[in-house]
Amino acid sequence: MTWIIQIVLSFIIAISFAIIFNAPRKHLFACGIVGMCGWLIFSGFTLMSGDSVQASFAGAFVVALAAHILSKWFRMPMIIFSVPGIILLVPGGLAYNAMRHIVENDYLTAISYASKAFMTSGAIAMGLVFAEVLMQLIFRYLGRKKTASHMS
Amino acid sequence: MLNAKNDLAIDCCLLAGRLMIESGAETYRVEDTMTRMAISQGLKGTQSFVMPTGVMFSLGKDGSTRLMAIRERITDLEKIALVNQVSRKLTTAEMTIEEAYEELQRIASANLMFPFLWQFIAAAVASGCFLILFEGTWWDVPSAIVAGGCGFLVVTLIHELTRVKFFAEFIAAAIVGVVAFLTVTFNFGEDLNIIIISGVMPLVPGLLITNAVRDLMAGHFISGVSKGAEALLTAFAIGAGVALVLSF
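The listed protein sequences correspond, in order, to chains A and B.
The opening position of the first sequence corresponds to residue 1 in this note's numbering, with each subsequent residue numbered one higher.
The opening position of the second sequence corresponds to residue 1 in this note's numbering, with each subsequent residue numbered one higher.
For the record, the hints were derived by calculation from the structure and aren't laboratory data.
Glycine is no exception: its CB is placed at the ideal position from the N, C-alpha and C atoms.
Take the hints with a grain of salt, since some may be wrong.
Stated by the list, open to error - Which residues of chain B face chain A? A few of them, derived with a C-beta cut under 10 Å, are: (1) E26; (2) R71; (3) M95; (4) L207.
Please take these sequences and the hints and turn them into a complete structure.
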């Protein structure tokens, strides 16, 4: 039951951010799907490993992978699909907790929260990069195969 | 005659570059698009240099070089897609350079944003949904919706009035904090922390974070670092706004 709720809500959130960022209207649905995939992978990994850094990496990787595939499919820039999906993974809670502890003069706890938030954003960045490199390799391979078959 | 044609091509490339940067495209994609458009017009060896604050485009050794400054950047994914379509049509020769220039000018003056009411509702709904994803209780959802909606309304209004982005985000985050605090005080909400986190989510600079990383990886260090700094400042403005409320 919680999974169904999470699927529906993450889909709605991704579409809402697509509206705020003014994505093309006919691609709103695709944006929602990308955000939903990213969030499901993220929460699945969080349940399994209990570590939000690894989960953020996996989530961002899936978001970027899905965005790349959709961008090839629809012949649209990849950024349209990736931005609404990435928002779901941003470590807002960690950053907030860090800020709250700074205000309460509890700097040690604040630093641990801030480091975690920093690591999570780094993991998101690495997920994006890994997916991009992987897709480039795959498309280069596919392109070479196509030209090779063309020549033979 | 040749010069007039080159002039039009360079204008066309610059306009496309400006539109893409203003709508928040990645730097390497802007350079790629401009070079492709130039090649489709038979211009070889063109050079482009793109930053978040300006676009430079040169025809190489014999041609002219032009510069276009960029004053303001927003997030408008639809404009990026439209410019991309124009460049695709130009490279596949479905469109002449004159038609492309007219089309780009039409895109530049058009307002393609969703109506503000839609964006407002989207921000409010997103805040409400985030509350549940962050393991809040259903009882807190209305407070998060009100807080997120107020935050988005305030950030848009103050940005219209003052044109200072960081100030607008600071005030909006503070308003989210105040609304959340009021709802908890009057027993409409239970958990202050989760309501504030959900409320500030529509203000998060998602596009900047994504683009900063991609630009850095593509070797565009100036754009990457400046976009990263913008994202960091925005995050700091939001944090300071929330902290201001929490410290009372």
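Now the hints, each set against the structure:
no.: 1; hint: E26; verdict: 6 Å, holds
no.: 2; hint: R71; verdict: 19 Å, violated
no.: 3; hint: M95; verdict: 15 Å, violated
no.: 4; hint: L207; verdict: 5 Å, holds
Consistency note: the structure conflicts with the earlier hints numbered 2, 3.
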